[in-house]
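Residue strings, one per chain:
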Amino acid sequence: MLARLFDIRTIVGALLLIYGVVLTIAGLVPSILGHHDGQAAKNDRVDLYVGTDANWWVGLALIGVAVTFILWAVLRPHLADEVGTSSAAGSDAEQGDGVRS
Amino acid sequence: MLHLNVSALDYVLIAIYFVFVLGIGYVARSQIASSLDFFLSGRRLPAWVTGIAFVSANLGAVEIMGMSANGAQIGLATMHYYWIGAVPAMLFLGVVMMPFYYGSKVRSVPEFMRRRFGPGAHLVNAISFAVAQILIAGVNLFLLATVIDALLGWSKWVSLVVAAAIVLTYTALGGLSAAIYNEVLQFFVILAALVPLTVFGLIKVGGWSGLRDKVIPTATSDGSVTATAHEQLTTWPGQALSGFTNPVWSVIGIVFGLGFVLSFGYWTTNFVEVQRAMASHSMSAARRAPIIGSLPKMLIPFVVVVPGMIAAAAIGDMIHLKSTGSGTVTYNDAMLLMIRDILPNGLLGVAVAGLIASFMAGMAANISAFNTVLSYDIWQQYVVKDRPDRYYIRVGRYATVVATVLAVFTALIASGYSNLMDYLQTLFGFFNAPLFATFILGMFWKGMTATAGWVGLVAGTLSAVTVFILSKVGIVNLPGQGMPFLAAAAAFIVDIVLSVLVSLVTAPAPREELVGFVYSETQVSILSDPDDAGKSWYLRPVPLAAVLLALVIVLNAVFH
Chain A
1 MLARLFDIRT IVGALLLIYG VVLTIAGLVP SILGHHDGQA AKNDRVDLYV GTDANWWVGL
61 ALIGVAVTFI LWAVLRPHLA DEVGTSSAAG SDAEQGDGVR S
Chain B
1 MLHLNVSALD YVLIAIYFVF VLGIGYVARS QIASSLDFFL SGRRLPAWVT GIAFVSANLG
61 AVEIMGMSAN GAQIGLATMH YYWIGAVPAM LFLGVVMMPF YYGSKVRSVP EFMRRRFGPG
121 AHLVNAISFA VAQILIAGVN LFLLATVIDA LLGWSKWVSL VVAAAIVLTY TALGGLSAAI
181 YNEVLQFFVI LAALVPLTVF GLIKVGGWSG LRDKVIPTAT SDGSVTATAH EQLTTWPGQA
241 LSGFTNPVWS VIGIVFGLGF VLSFGYWTTN FVEVQRAMAS HSMSAARRAP IIGSLPKMLI
301 PFVVVVPGMI AAAAIGDMIH LKSTGSGTVT YNDAMLLMIR DILPNGLLGV AVAGLIASFM
361 AGMAANISAF NTVLSYDIWQ QYVVKDRPDR YYIRVGRYAT VVATVLAVFT ALIASGYSNL
421 MDYLQTLFGF FNAPLFATFI LGMFWKGMTA TAGWVGLVAG TLSAVTVFIL SKVGIVNLPG
481 QGMPFLAAAA AFIVDIVLSV LVSLVTAPAP REELVGFVYS ETQVSILSDP DDAGKSWYLR
541 PVPLAAVLLA LVIVLNAVFH
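Note that the protein sequences, when read in sequence, are chains A and B. Mapping the first sequence onto my numbering, position 12 (from 1) lands on 12, and the numbers just tick up by one. Mapping the second sequence onto my numbering, position 157 (from 1) lands on 157, and the numbers just tick up by one.
The following block holds chain A by itself, in its conformation from the complex (with noise of 0.2 Å):
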C-alpha cells in the first residue's frame, strides 16, 4: 500500500491538487487575503500587478494538472518502459524493513 502511494505521480498529484484547491478558494473569496500594498511598485513603468482573480485562474489549471497525474498512476501503475522491474522494486522495499538499522 504504502510501495502504491510512494509512487512519485500520486505525490506531484496530490501536492498540486491540494494548491490547486487552496488556490481557487482563494481567488473566489478574495477576502481572506491580506489586502494589497502596492507601495514598493508605485514607481513602475507598468503596473504589473494581475489581481486575486489569478488566483482561481491558476488553481483550476493546477487542479488539471494534479488529475492528470493521478489519472496517470491509476490507469497505470507500471510504466509501459519499466520491464520487470517493478517486482524487484517491491521485493527490496520489503527487505528494507528488516535490513535497516
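These aren't lab readings, by the way, just hints derived from the structure by calculation. Glycine residues also receive a C-beta, built at the ideal position from the N, C-alpha and C atoms. Among these hints, one or two may not hold up.
[Stated by the list, open to error] Beta-carbon label-pair distances, calculated as ranges:
#: 1; chain 1: A; residue 1: D37; chain 2: B; residue 2: L470; range: 46 to 56 Å
#: 2; chain 1: A; residue 1: L28; chain 2: B; residue 2: G206; range: 21 to 31 Å
#: 3; chain 1: B; residue 1: V405; chain 2: A; residue 2: G64; range: 14 to 24 Å
#: 4; chain 1: A; residue 1: R76; chain 2: B; residue 2: I216; range: 45 to 55 Å
#: 5; chain 1: A; residue 1: K42; chain 2: B; residue 2: A8; range: 19 to 29 Å
#: 6; chain 1: B; residue 1: P388; chain 2: A; residue 2: L71; range: 38 to 48 Å
#: 7; chain 1: B; residue 1: A557; chain 2: A; residue 2: G64; range: 28 to 38 Å
#: 8; chain 1: B; residue 1: H320; chain 2: A; residue 2: I32; range: 53 to 63 Å
#: 9; chain 1: B; residue 1: V162; chain 2: A; residue 2: I32; range: 22 to 32 Å
#: 10; chain 1: B; residue 1: V19; chain 2: A; residue 2: T68; range: 15 to 25 Å
#: 11; chain 1: A; residue 1: K42; chain 2: B; residue 2: H230; range: 29 to 39 Å
[As the list claims (entries may be wrong)] Computed list of lysine to any residue pairs in SDA-like fashion (alpha-carbon distance at most 25 Å, straight line):
#: 12; chain 1: B; residue 1: K385; chain 2: B; residue 2: R43
#: 13; chain 1: A; residue 1: K42; chain 2: B; residue 2: L151
#: 14; chain 1: B; residue 1: K204; chain 2: A; residue 2: A61
#: 15; chain 1: A; residue 1: K42; chain 2: B; residue 2: N5
Please build the complex by placing chain B on the supplied structure of chain A, with the hints as guidance.
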C-alpha cells in the same frame, strides 16, 4: 524594498510543502535495503523521473535568480547558456557517454576515473568534486537565507539552520530516492509559480512586441553602455555575454568556450547530474534521462530569462539600476521584484514555496552527490575497506551530517562574492573543463595512460586558475562573462596536449583492464540499444535525441 506582503494563506501553502518534503524522506527510508538503494536509488527509477531530476538538480534558485539577472542585464544572449550550452551537452551525454558510465556499472563518475586511470586521477577528481559540492551547497544556503530575510524578514540564521536541518533530515533518511523525488516535486511547484508569472507579466507589458519596445540599454555608473537594446533582443553575436568586442571572436568564444568546453565539461562529467541518470532502471532509461531532460531545459529560459527582461523593462527600481548602473536593488533581485509586483497573495505563497524548494533541492543534490563520492570513492576505497554493505549506508548518513555542517560554515564564506554566476562558473571552469578533456580522450583512445590521466587533470585545472588570476590582475580583460569561457578553453587545450604527450612516453594499461571503459575494447553500441527493438521512437535514445537536437536548432534559428 523587497519585502513581501505575505498573508496567513501564503504561509499555509509553504507549510504544506514542507510536510510533503519531510514525508518523502520518511517514506523513502523504508525502501533502503542496500547501499546501492541509498546512493543510487537501487537503479530502479523510470527515465522520465531521472530526466526531470537531472534538470531539476541544476534548476536551483542560484540558476533561477542568476539567469533572470542575466536576462535583465544582457537579455536574450542569456539563451546561449541553454541552447548552445546545456542542451547539446545533455544530448551528447545521453548518446555518447552514458553507455560507458552505465554499461561499466560504476557507481560514480570518480569511480569511472579510477577504473580507467587508477588512483592518481581518481583522487584528484574525487577530492576536488567533494570540495566543490560543499562550496556550492554553502552558496545555496547563504542565498536562501538572504532571500528569505529580504522577502519575509526572518533572521538569516534561523532560515539557514532550519533549511539545513530539513535537507539533512530527508537526505539522511531517504538517500538519493528522497532527493530525486523532492527534485521532481520542486520542478512542478516552481513551474506552477514561474509559468503564471511569465504569462501575466507578458500580458501586462503588452505581449512580446510590447516587451521589445520597452527594453532599454544597460549602462554602467560611468555612463558607458554594456548592452544596447538591440543586443538584448538578439542572441548572436552575443558580445554583451562574452565581452569580446570582435563579433567573430564572440561567436567562437560562445560556441567553443561556453558550448563545447564549459557546458560539455559541466553536463557530461558533473556527478551531481550524472548520478540522477545512473539511478535509472536500464541502459536505455539511463541514456534517455538527460535526453528527456533536455526538453524542459530548452524551454525553462522562457520562464526564467524572459521574466528578467520584463523586470528590466517595467519595474522602476530595475530601470533605474539599468540606466544608471547603481540603485537600491541588484540584477539578482529581478525575479524577486517580479514576484513582488505581479502576484497576489496565494500565488505569492506558491512562488515563495517554489523558491525555498529550489534552494533546498539544489543543496540536497550537492549533498547526495557528495555523500556518494565520500562513501564509495574515498572511504570505501582508501580508508575502511571490505566492511559489510550496511556499514557504508551508515557512512553515507554520517557524511550527510558532516556535509550539511560544513555547508553552513561555507555559507559564511559565500557572502564575500557579489556576482553569483561568475563565482559558480569560476568553479566549474576549474574542475569540469579538464575533466571532459580527460574523459573524452580516455574513452576513445586506448593509448592514454594512467599518468596522462592525472597530469592532464592537474595541468588543466592549473591553467584555468592561471587565466582566472591573469584576469583578476588585469592582464586579460574581458568585461562580460567571457572569462570562464576562456579559462575553460585553456584548461581543455592544455589537458589534451599534455595527455597526448605524456601518453607517448608512458606505458598504457593492459587491454583487458580497459573493457567497458574504452570504445575500441568494449561491446558498446552508441547508435542503438539492444532493447530498442520494436519500441516507439520516443522510447529509443538516439531517435529521441535527434528530434530534440532539431528542436533546439529551430529555437536557435527563431531567436537569432
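### Task
Please flag the earlier hints that this structure goes against, numbers listed from lowest up.
3 and 8
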